[in-house]
Amino acid sequence: MTSTDGPDGRLGASERFFLALRVFKGAFFFGRKGLIIWDSWDMWVMQILITPIAQMGFFAFLSIYWGYAPSFTQYIVVGNALQAMSFSAVFAVANITSQDKWQGTLPGTIVTPANRVALFVGRAMFQVLLSALISAAGLLYADVVFGVSFASANFLSVAVVVMLTSGAMISFGLLISAVGLYMRTAMIVANVFLFITLLLSGVNFPVSVLPAWLQPFSWTIPLTYGTEALRMAIGSQGVPGANLFQLSGLLGWEALDGLLVLIAGLALFTGFETLSRRTGRFEEY
Amino acid sequence: MITSLGAGGRVSGYLARRLQVLKACIILTGKLFFADPQWIIPSIIAPFVFTLVAFFLFNGQTSTSTFLLELVLGGGLMGMWGTTIYGSVNSIGFDRWNGTMESTLAAPIPLSWISMGRVLFNTFEGVINAFFILAIGFVWFQVGFSILNPLLFLMAALCTFLSLSAFGLMMSTVVVLTRKGGFITNSMEIPVYIATGTMVPVIVLPFAVLPFAYILGPTWGIEAIRNAAVSGYSGVGLGYWQDLSIMAVETIAYLALAFLLFRRVEAYAKRNGTIDEY
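These protein sequence lines map, in sequence, to chains A and B.
Residue numbering for the first sequence follows the numbering used here, starting at 2 and increasing by one per position.
Residue numbering for the second sequence follows the numbering used here, starting at 884 and increasing by one per position.
Just so you know, these hints were derived from the structure itself, not from any lab.
Positions of the beta carbon are idealized from the N, C-alpha and C atoms, including for glycine.
Wrong hints could be hidden among the right ones.
Unchecked claim - Some chain A residues flagged as far from chain B (calculated, every beta-carbon gap over 10 Å):
1) Met-44
2) Pro-114
3) Ala-137
4) Val-180
5) Leu-261
6) Leu-276
Claimed, not checked - Pair ranges (Cβ atoms, derived):
7) A:Met-47 x B:Lys-906: 35 to 41 Å
8) A:Phe-218 x B:Leu-1037: 37 to 43 Å
9) A:Thr-280 x B:Leu-1034: 53 to 59 Å
10) A:Ala-160 x B:Ala-907: 53 to 59 Å
11) A:Ala-160 x B:Ser-1117: 44 to 50 Å
12) B:Pro-1094 x A:Ala-268: 18 to 24 Å
13) A:Phe-31 x B:Gly-1120: 53 to 59 Å
As the list claims (entries may be wrong) - Below, a sample of chain A positions facing chain B; criterion: calculated Cβ distance under 8 Å:
14) Gly-58
15) Tyr-66
16) Val-193
Please take these sequences and the hints and turn them into a complete structure.
Laid out in structure tokens, this is it:
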């Protein structure tokens, strides 16, 4: 019992906070080691370099084949540069619990008295950086390969949009990861979500093109705000890229959306953890 | 008893054992698939969403019947491709996850035949997948089933099926040596969609990409399918039979390379004891 323990032997709020911070730091570095050392760095370099160009190329060629103006192809390319981060931000994060199941480490992870938020968010945090790198590579391809002009861009806004979208999309990854705690694997849900964002998030065409009943779903995805903000931050010929003040509305909604999704994910995680503990079905799913 | 058989008997025994293994692997892979059929969902959803995106991209602007037919065909081909590549590359990877790798390799039959059985079922699953997407596409987009020459279309589809299997078999050798199978599959998915001309004919691709496109057998299969299905399609411009001939040659080359590679990598993995501790 430490001197700061409460009368019932429980840790005080500040100790719990610092303990959670340590868990977060440990989980962050463990996540980094897992990704870079175990998975090996060459795979990640490959993903950072191949994922965006492949996806951007697919839709750009489609646009070229059907004879659309270069400006429209560039519109598509910018959207896909940002969306390409979902492979890392959503798919990789969503599989955290599934990978624990495959590797037999889930019961060990669950029985630790560590703060769940710190543990799982910490493990996912390294993906924020990777996701941002994927989108940065995408934007570089947009400039070099597809001729998107960054002459009017506000680079600070571009950087903030990419980082914020990356963080907000991680929330969706964690939400799906919570589903993976109960299901056999989260991979299926992650796959479905990943591709749905191509359709709903204004990546390839404005949200207004979608049927009216689908449009509200678009605005529940942080990427929708991010895509719009990124296009504004890049600007176009004669239109300077928007600064952070001009983007504050969109970015505020994106941050709020990401936070709400994170809270929903944690609630779902707690619910499924309780259910799995009660039924003893962590791995006997 | 094998030793008492003549040369002919030995050959038939050799073949019979391998065909028996092939059949058993096809059946087992099928049973595993039906025990957990959820894996078909991502294989259907990805191509279908890509098709929908293309539809919304051009809706109301280029919605001719040719456009819609090409769109739906492209979605179907992507479905076939995705399932085959994913299933084939991971056919060995799943052994690692399930802890059955050692037993599989210890079986007194070359790994190539075991893998071929699995790949054949995966390709068959890909074909079912393609038909699902085609059916949804035809209903959703209300495209009339106006295939130019249904018989040639079916023949090209069947040949593409075989070519995909051979390509999948060749790719699955990589996974014997590395745990990065899933990663390779995910990274390859969209590039092969592009390089084989599933949604956009390869002729549109930049010159630098064309050599890669042309060494992929399914590229020619897809050209043949389009030639048989779409009226006035020109594409690479070689024509239906030339497309099929090139695909046949490349498919034979894939098979030869696959068996050679399997022999090498299996021996390497056994010699170095790196089957599971890779």
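Status of the hints after comparison with the structure:
1. Residue placement check: Met-44 of chain A does not keep its beta carbon more than 10 Å from all beta carbons of chain B (closest about 5 Å).
2. Every CB of chain B lies more than 10 Å from the CB of Pro-114 of chain A, the least distance being 30 Å, so the non-interface label holds.
3. The Cβ of Ala-137 of chain A sits about 18 Å from the closest Cβ of chain B, beyond the 10 Å cut-off, so the non-interface label holds.
4. With a least CB separation of 13 Å from chain B, Val-180 of chain A remains clear of the 10 Å interface cut-off, as annotated.
5. The claim that Leu-261 of chain A is not at the interface with chain B holds, since no C-beta of that chain comes within 10 Å of its own (minimum 25 Å).
6. Every Cβ of chain B is farther than 10 Å from the Cβ of Leu-276 of chain A; the closest lies at roughly 20 Å, confirming the non-interface assignment.
7. Taking 35 to 41 Å as the suggested C-beta distance range, the pair Met-47 of chain A and Lys-906 of chain B conforms, at roughly 37 Å.
8. For the hinted restraint 37 to 43 Å between Phe-218 of chain A and Leu-1037 of chain B, the CB-CB distance of approximately 39 Å keeps it satisfied.
9. A beta carbon spacing of about 55 Å between Thr-280 of chain A and Leu-1034 of chain B agrees with the range 53 to 59 Å that was offered as a hint.
10. Distance hint check: the CB atoms of Ala-160 of chain A and Ala-907 of chain B are about 56 Å apart, consistent with the given range 53 to 59 Å.
11. For Ala-160 of chain A paired with Ser-1117 of chain B, a C-beta distance near 46 Å keeps the hint of 44 to 50 Å intact.
12. A hinted range of 18 to 24 Å for the beta carbons of Pro-1094 of chain B and Ala-268 of chain A is inconsistent with their spacing of about 53 Å.
13. Distance hint check: the CB atoms of Phe-31 of chain A and Gly-1120 of chain B are about 56 Å apart, consistent with the given range 53 to 59 Å.
14. Because the closest C-beta pair between Gly-58 of chain A and chain B is about 6 Å apart, less than 8 Å, the hint holds.
15. At about 4 Å, the closest approach between the beta carbon of Tyr-66 of chain A and any beta carbon in chain B falls short of 8 Å, and the interface hint on this residue holds.
16. Given hint, Val-193 of chain A at the interface with chain B, holds; its Cβ is 5 Å from that chain's nearest Cβ, closer than 8 Å.
Checked against the numbered hints above, the structure breaks hints 1 and 12 and satisfies the rest.
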